[in-house]
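Undergrad: Residues per chain are reported as follows:
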Amino acid sequence: VSNAPAEPAPASGAPAAAAAAAAAGSNAAEGKKVTIGFSVPAADHGFMAAMTDLAVETAKEYPDVELKVAEGTNDVSVQISQVETMINDKVDAIVLLPFDGAALTQVAQKAMDAGIPVINVDREFSTAQSSRVTVLGDNYGVGVSAGDFICNELDGKKDAKIGEIPGIDSLPLTQDRSRGFKDALEKCGLEVSNRVPAEFTVESGEKAASNLLQAAPQLDAIWNHDDDQGVGVLAAIKAADRSEFFMVGNGGSANMMREIQSGDSVVKATTVYPAYQAADGVRVARLVAQDKALGDLMDIEIPRQIVLYAAVVTKENVERYLPTAFES
Amino acid sequence: MSDDEATGAAPSRAHLLEMRGIEKRFPGIIALQDVSFEVSAGEVHCLLGQNGAGKSTLIKVLAGAHRPNEGQILLDGKEVGFSSPDDAIKAGIGTMYQELDLVETLTVAENIFLGHEKSRGGFSSRRAEQLEAARLLAGLGHPEISPDMEVGSLSAAGQQIVSMARALSREVRLIIMDEPSAVLDSEEVRNLFDTVRRLTAGGVAVIYISHRLEEIRVIGDRITVLKDGRAVASNLPVSETPNVELIKLMTGRSITNVFPPVAAVAPDAAEVLSVTDLVVAPGHEPISFSVRAGEVLGLAGLVGSGRSEILGAIYGTTKPVSGAVGIDGRKLRPGSTVSAVNAGMGLCPEERKSQALLLDDTLVANFTLASIGRYATAGFTSGKREYQASMEQVRKLELRPADPAREARTLSGGNQQKVVLGRWLSHGCRVLLLDEPSRGVDVGARSEIYNLIAGLSRAGIAIVVVSSELEEVLGLCHEVLVVSENRIVHRAPAGELSEHQILDLVMEGTTL
Amino acid sequence: MSTSAETELKTAPSPPRRRSAMKWLLDAGLRRNMGLILALVLLAVLGTVTAGDRFADSNNVMTIVRLAAVTGVVSIGATFVITIAGIDLSVGAILALSAVWATTLSGQAFADSTSWIFMALTAMGVGAAAGLVNGILIAYGKVVSFITTLAMMAAARGLAEIISDKKTQIITVDGFLETVGGNLFGVPVIVLVFVFVAVGGWVLLNRTTFGRRTFAIGGNPEAARLAGIKVERHTMAIYALAGLCAGIGAFMLMARTTTGSATHGTGLELDVIAAVVIGGTLLTGGRGSIFGTVLGVLIFSTLTNIFTLNNLSLSVQLVAKGAIIVIAVLIQRQLAARQSRT
Amino acid sequence: MSTSAETELKTAPSPPRRRSAMKWLLDAGLRRNMGLILALVLLAVLGTVTAGDRFADSNNVMTIVRLAAVTGVVSIGATFVITIAGIDLSVGAILALSAVWATTLSGQAFADSTSWIFMALTAMGVGAAAGLVNGILIAYGKVVSFITTLAMMAAARGLAEIISDKKTQIITVDGFLETVGGNLFGVPVIVLVFVFVAVGGWVLLNRTTFGRRTFAIGGNPEAARLAGIKVERHTMAIYALAGLCAGIGAFMLMARTTTGSATHGTGLELDVIAAVVIGGTLLTGGRGSIFGTVLGVLIFSTLTNIFTLNNLSLSVQLVAKGAIIVIAVLIQRQLAARQSRT
Ligand SMILES: Nc1ncnc2c1ncn2[C@@H]1O[C@H](COP(=O)(O)OP(=O)(O)OP(=O)(O)O)[C@@H](O)[C@H]1O
Ligand SMILES: Nc1ncnc2c1ncn2[C@@H]1O[C@H](COP(=O)(O)OP(=O)(O)OP(=O)(O)O)[C@@H](O)[C@H]1O
Ligand SMILES: [Mg+2]
Ligand SMILES: [Mg+2]
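Sequence order for the protein chains is R, F, B and A.
Taking this note's numbering, I'd label the letters of the first sequence as residues 1 to 328.
Taking this note's numbering, I'd label the letters of the second sequence as residues 1 to 512.
Taking this note's numbering, I'd label the letters of the third sequence as residues 1 to 342.
Taking this note's numbering, I'd label the letters of the fourth sequence as residues 1 to 342.
Everything labelled a hint here was simulated from the structure, so no lab data went into it.
Some clues are possibly wrong.
Stated by the list, open to error - For lysine to aspartate or glutamate, the following DMTMM-like pairs were computed, each having C-alpha atoms within a straight-line distance of at most 25 Å:
no. : chain 1 : residue 1 : chain 2 : residue 2
1   : R       : K238      : B       : D57
2   : R       : K161      : B       : D53
3   : R       : K238      : B       : E222
4   : B       : K142      : F       : E240
5   : R       : K32       : A       : D53
6   : R       : K110      : A       : E178
7   : A       : K167      : R       : E186
8   : A       : K142      : F       : E104
9   : F       : K353      : A       : D53
10  : A       : K167      : R       : D176
11  : F       : K353      : A       : E232
Isolated chain R, as found in the complex (with noise of 0.2 Å):
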């Protein structure tokens, strides 16, 4: 799998596929037929829509690849009778970005174990035998790029007040993003001193901010988790009126990175947690279905973990980036 932003990559859809294409090589040439399973949570968000809509367009670009898209659940236990009608099924693969990793661990084994390979995307498995490939976005490290940002940008200012917009609060990333953004603001002095959580989705996303803001009458900067959230956190900073702070996004999309190509606007930068993890983890999982290999590495095998970079878009760079992002 490629680091798509760095290729200069055609309008938008899934832009990754040309670059992979172009990289893997034979890769691309069209193998046996191969039937995907792909499981995820519900689309009731921007950033799992995009994800979901970006693996079924993957999917189409190769002849010989069927996807069977169950309906995204938020149900571990519907989840999981997915998998299992997956393996009734003797699907070659099975993408599966789990609502709750350690719930979905045994069956994505019981896979396995049925000779099916399971790739992991997103929320990891609590063992990692229970999948061959996991692709993962660094929810840890977006977290840690987030606060080392606030940390330069605010440049030693002490006391400075930071507020952090998470997204849903029992998941798993949003812990892990979290204690990532608290461990790089720790090694400048400074701490989150408001934090309100939303769902990730833009009325939460309002309602969070509105509550917020109020609860703080000055900030510097903050954090919020997920860009598709965050149209409504900045609606809500709109209508309070308020500028003394800058923000910095998380996700990658397109209009949040707009708003930072305008340079008015109180969005500094947002960091990169790519969509498009769910459809290289179908492409993975053609190739692992075909017994094939990642084109530019030596191994003849795929790598058993992939993590994604969590690059960070500022106005110097947004250009680069804009292309591949997605309209949440």
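Given chain R's structure and the hints, the job is docking chains F, B and A with the ligands onto it.
TA: Same frame as chain R, but now just chains F, B and A with the ligands:
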């Protein structure tokens, strides 16, 4: 009111209304079969029949509440098709339904004008409604019912008055009254008749349904008798048809003696129920009395005099302020129906639908409600035993239809009353409290219920009967307590009292 | 008690020109809603004690009301539905569908070239239409409201996702954002809309024939039918009204978030029912209080605000919320009991 | 019609030793639930037509039933609650609380050193206790069930988050995973638990005095009270029972996911109520059908399965689900009407 208009609109001789060949089927039952019926302007046409004969169904067809399967309705000789109650109302037919058709959460005035609200551009004119409602209620002799009281807080009698006021609030040519007197005492009934006379004098036709034959004598002009969904006699002139014949037509047999002979209480009979210094509610006087085994005690009084409240305090539905209730010398826990039932007390409440019946359940479930434990081993019920026991009750009470698997909802009022009685019969009680046991019950069933009560008394059960029919209290009981304004004003053996005396006592009580 | 209630009223924003109307409204509601008012006052005291000026600040009060506005408007419609002993689980999904429909590219282009009002009208029209479908199925199809609206909840949400392709549709029609998202007489327009809908709903429920019949149908549908009321038609209208309110909520939320999205209104249905029921409207029908509903909505949004001001963790918030709901209702019950005794 | 129903029954797994009991159960339920059975048969036909052997395969049927198991068990409890005209919104949260409580480190250590059964008992105990709190507030505190359980829904979820620190707790007690997560007589233990609870629930509701009193309280609480039934105590017991079922659901879900988490059972309450109501239990009380509830749960899980097998677009699934719910109910109503006419 528009009495004058009504007179003008209806030529006095011709039929105001005619129903021809009406048939109405319910799932599994034919409620009406080829019934023809007619009413002329200015007359009171009485509809008689046993419980379940189809009287309410017939008038519901007329009121547009049921659509007949067969037959036609003619108004002024022109066929009309009522597809909804609205159509009938618009045609000048006002109805007082048997099951009170009021919205308990609305006020009196709101109920009276429901469906024809006084309004300006959609906005209701509450003052106008209240004034008009007060006028109507005063006209009915009840200025004390305030238009902005919630109907749910009124007694059944009060609600019946509101229902009446409501029927009069529209321009009517025909008023249907389905057992209006069931919840009224004699005083109120007289009041009601005054109203009826005023209406008929103005040319309005009245269809009157009642199980009390003496009322028919007072107010009726012609009689139509229904039996098992058919009209067995039509347009009998009231003055020329003796009661015996009516009863024969209704029931198919003759009932001469309504009240069974009252067996004397054994002189050594033990005291079963004892009520000592019971203060029912704050501000009430303490009440004391006792009932011996086999004794029937009657509580006579006007509607609203507080008899039901006394029963409630004895049974534990409300917690008395102070005082004690004992059965066989053992004291009951105040305010606990469980304690009362366990000690062998049973209550047939006055509102059988809302307080006693499981309308959507079978008769079996209704019969065994209080005694379900008896048909169970280690908590597991035996359907067979329950069914057999219920079948026995069905036979004993002569229920119609005689099917224990039927839903209580589909039974006629009188039969429902028997079911409630049957619940306590199958439970087996030491003390039975009966609140208006014959309300809405037909002549035949009534004498059956009286026989049942007499039988229970002979079997040594202590019985307390609350009734607004003085005849019933006197004919059924050994002893009578006269209640007025929450006080016991007199106690005497039934044999030493007459209806007049009781009425005088009651009146005295109210003026005190 | 009445004095403390008045204190609270001063903090609550009310447009000056409506003073007398508000007074009238309150007089009617005060007695019945004493418990809720007391609960709100206690919350206000709690807020002031724990967060001081940050709570009592007029900006903060406006924030509370602004956050209450969308739920509030939808709850007004739901009050009617619950008063006739129905339930509407689909309001959140209908809101999403309305918002998405009103913010499609073509819709926005049309609004841009004509007037922003068409976006608002679209949202309201879609909401009312979806509500009408509910109403027809419930009133004439005789499918119980719980099931019908549960089905609509799934279907409308799915349709919203299909229309929006699950993308957040950003609103670019400046006229809309400036007008609906802006202020009028120093008060946010969405707050004014809330007040308008609440007052309108109150008048409709308590001062019109329509309202009277609503109570009647809720109290005893058979009696209502026998009184000649067209119960089916009325029921249908009420669900359409609830849909309309969801549509109004949609354009308010569009203004608040500057977007239309299929995720809008997620979980709104329970918030709405909770506010209505806390407000004293009986789930069994026949009794409904618009004033109570407004108080219910304000209580919930004040609660969230106080929690946030105090930087409480979400988990603690949940536990506290549970406890406070029960306590509020117990207070309300106690007071009601005492009143009926005196 | 009865023949097609029987065909369906053969596909449904039933432990051989219960054959006659099942038959008895079905006879009673068959008549009343004809519409639901028909809907399920139609779904089965749809599944077979669209997905062929992959649907009719016994493994797949087992997957459907396994999916139905947790919701099913919780729905049995909810059937009792709804039969007495109550509602329980807190079952999902209670399930989470029970699961989290039973999987704490210390709890697991204790279970490891003694027996896995203590984990199951803890889950059931916590569930029953939480249900009991609901019951006390509703029966003796006279707070309406909607509000009480809404409050419990927030509080139990919050408590679960606090206990688990929002971490998913992984179960390491092998005895538990092997026993509850394993098979018995070739059937998954959780399916057996579901069957056991369903049969037990059916007997309790239809063949015991407890069940009789439940119907009576639902049908007419005043009449029940006047007949000497301890309405308060019974009501309390029923909510405790619903909590207990949530606790049983908790350890089933624990076995299914090998975890305890505060997010378990999110949104379960609506699924449960939907299954119960589709199954013919009236929200107004007095009528309840365990058999109908089981069918309702199976219909929903079959639907999910067919969607998964057919690779439908996610949003289309939602729309289809809405339509199918309404159609199922309309079929049921039509058949019921026809039956009562003959
Ligand atoms: N909605 C209904 N569904 C089924 N059966 C009904 C229904 N309404 C009435 N019936 C049946 O129709 C028959 C006639 O009932 P109806 O109420 O007209 O009797 P009634 O003469 O008014 O008796 P009562 O004097 O007790 O009021 C009864 O057998 C009753 O069980
Ligand atoms: N018509 C009425 N108007 C006003 N209040 C009434 C009326 N009827 C009853 N009440 C109230 O109810 C109380 C007692 O009613 P209760 O039902 O116990 O009397 P009752 O003698 O059994 O009469 P009923 O025959 O109506 O049941 C009275 O003290 C009175 O306050
Ligand atoms: Mg009748
Ligand atoms: Mg009485």
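Undergrad: Determine for every hint whether it applies to the structure shown.
TA: Hints versus structure:
1. Between K238 (chain R) and D57 (chain B), the direct Cα distance comes to roughly 19 Å. Compliance with the 25 Å bound is thereby established for this hinted pair.
2. Annotation: proposed proximity of K161 (chain R) to D53 (chain B) holds, straight-line Cα distance about 19 Å (limit 25 Å).
3. Between the alpha carbons of K238 (chain R) and E222 (chain B) the distance comes to roughly 53 Å, so the proposed pair goes past 25 Å and is violated.
4. Distance check on the hinted pair: K142 (chain B) and E240 (chain F) sit about 51 Å apart at the alpha-carbon level, beyond 25 Å; violated.
5. Only pairs whose Cα atoms come within 25 Å are accepted, and K32 (chain R) paired with D53 (chain A) is accepted, the gap being roughly 24 Å.
6. The straight-line distance between the Cα atoms of K110 (chain R) and E178 (chain A) is roughly 14 Å, inside the 25 Å bound, and the hint therefore holds.
7. With a CA separation close to 23 Å, the supplied pair K167 (chain A) and E186 (chain R) stays within the 25 Å bound.
8. Of the pairs offered as hints, the one joining K142 (chain A) and E104 (chain F) holds, with about 21 Å between alpha carbons and a cut-off of 25 Å not exceeded.
9. Restraint check for K353 (chain F) and D53 (chain A): not satisfied, since their Cα atoms lie roughly 55 Å apart, outside the 25 Å limit.
10. The straight-line distance between the Cα atoms of K167 (chain A) and D176 (chain R) is roughly 11 Å, inside the 25 Å bound, and the hint therefore holds.
11. With a CA separation close to 21 Å, the supplied pair K353 (chain F) and E232 (chain A) stays within the 25 Å bound.
Hint check: violations occur at hints 3, 4, 9; the rest are consistent with the structure.
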